[in-house]
Amino acid sequence: MSYLQPGDKFSLSEHTYESRPKSYTTVGHEYFEVPSQSVSGIMSSNRNLDEFIGFNLVDNKSASQVVSWALNEQQKGVRLVFSQDETTQGYWSQDITADVYSFENLKLDIDPVEITIRN
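Going by the working numbering, the first residue of the sequence shown is number 546, and it counts up by one from there.
It cannot be assumed that every hint is accurate.
Once the Cα atoms are required to be at most 16 Å apart in a straight line, the calculated EDC-like pairs of lysine to aspartate or glutamate come out as [as the list claims (entries may be wrong)]:
hint	residue 1	residue 2
1	K652	D630
2	K567	E578
3	K554	E649
4	K652	E618
5	K606	D630
6	K621	D656
7	K567	D644
8	K606	E578
9	K567	E631
10	K606	E575
11	K606	E631
12	K621	E659
13	K652	D595
For the record, the hints were derived by calculation from the structure and aren't laboratory data. Just so we're clear, the structure is a prediction, and the values are computed from it rather than from any experiment.
Kindly produce the complete structure, drawing on both the sequences and the hints.
Right, here's the structure in full:
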């Protein structure tokens, strides 16, 4: 799985990715070192996909995977496991004061789940 931002380029014929100007690689140069968490929705400080993956995974030395959940009212849903390997790369840049992340070659596993909540 890859996520491009404005200014990034992907060649369909060559299968190559080029990050936007003034972006920096994150993998191997991670800024954060925060233990991996399993949070979703309003409990997550990074609700957008690019921020969730950027801050929690590709720019985080302590994490090799992050997990998110999506459930319906019947407590059925999916568990989303995002993980990185030796081919994964993240890119960071700034747009005025906002952190901007893109990434390539991220693995996503989607597992169906049924949750039981007890009072």
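### Message
Under the constraints set out in the numbered hints, which ones does this structure not fulfil?
### Response
2, 4 and 9
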